[in-house]
Amino acid sequence: NAGVMQNPRHLVRRRGQEARLRCSPMKGHSHVYWYRQLPEEGLKFMVYLQKENIIDESGMPKERFSAEFPKEGPSILRIQQVVRGDSAAYFCASAGQNNQPQHFGDGTRLSIL
Amino acid sequence: AQSVSQHNHHVILSEAASLELGCNYSYGGTVNLFWYVQYPGQHLQLLLKYFSGDPLVKGIKGFEAEFIKSKFSFNLRKPSVQWSDTAEYFCAVSRASGNTPLVFGKGTRLSVIA
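Chains L and S, in that order, are what the protein sequence lines are. Last residue of the first sequence? That's 142 in the working numbering, and every number before it is there in order. Last residue of the second sequence? That's 126 in the working numbering, and every number before it is there in order.
Think of the hints as simulated: they come from the structure by calculation, not from any bench. Just so it is clear, the structure is predicted and the values come from calculations on it, not from any experiment. Note that CB positions come from ideal geometry on N, CA and C, so glycine has one too. Some hints here could point you the wrong way.
To be verified - Interface residues of chain L toward chain S, partial, derived using beta-carbon atoms under 10 Å:
| id | residue |
| --- | --- |
| 1 | G71 |
| 2 | M75 |
| 3 | G102 |
Claimed, not checked - Calculated lysine to any residue pairs in the SDA-like style (CA-CA distance at most 20 Å, straight line):
| id | chain 1 | residue 1 | chain 2 | residue 2 |
| --- | --- | --- | --- | --- |
| 4 | L | K73 | S | N36 |
| 5 | S | K61 | S | K73 |
| 6 | S | K61 | L | H132 |
| 7 | L | K80 | S | G110 |
| 8 | S | K81 | S | G65 |
Stated by the list, open to error - Which chain S residues face chain L? A few, computed with CB under 7 Å, are given here:
| id | residue |
| --- | --- |
| 9 | S30 |
| 10 | P113 |
| 11 | G117 |
For reference, chain L alone in the conformation it holds in the complex:
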């Protein structure tokens, strides 16, 4: 069974460019979560999605950030007009039904030049 797949593992962008991070949940999982980890910090929740729906986006910055989880294909976290402060590790997790534990991907390390 494939785990949670994230790509790319590393992404380098210049200020002002767009970053797209992808996450394919574990097979059978319909709940997807995005977290951000800044240096020396724990993971901070950003957004929680189910297929085609955003359930909770309370942790996501109001501007430049968006997320989707379409009916077909991976979940996408999109950051427009990136700034240096967006440099971080972005982790995706997925879970099945009935309050099951979340399983994490390897993360995408985003570096902004």
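Starting from the structure of chain L, add chain S where the hints point.
The following block gives chain S in isolation, referenced to the frame of chain L:
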């Protein structure tokens, strides 16, 4: 709002020493509690979880944790650490209802020396 405190930022132990990592949370309702481990260069892996029942939870690799409701604590323990336990350890909490997001502590880095 929920929050999680991990009191130790970096712990250094010799092999075979006993380990206890502190975790306290703040939340007024019923919670689920987790410990995740992140080995260098790898993703977070679930060590153990508490949903309900016996407050002493056994996890993988000889780890255990005890939920003490009156103290809002969920400390992680291992009687005898190995060099391979060197990693970052994260305590996390979520509301017990539904598939709610996790709130993480800042993590504790464990270094085990020979």
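Could you work out which earlier hints the structure fails to respect and list their numbers in ascending sequence? Hints 3 and 9 contradicted; others consistent.
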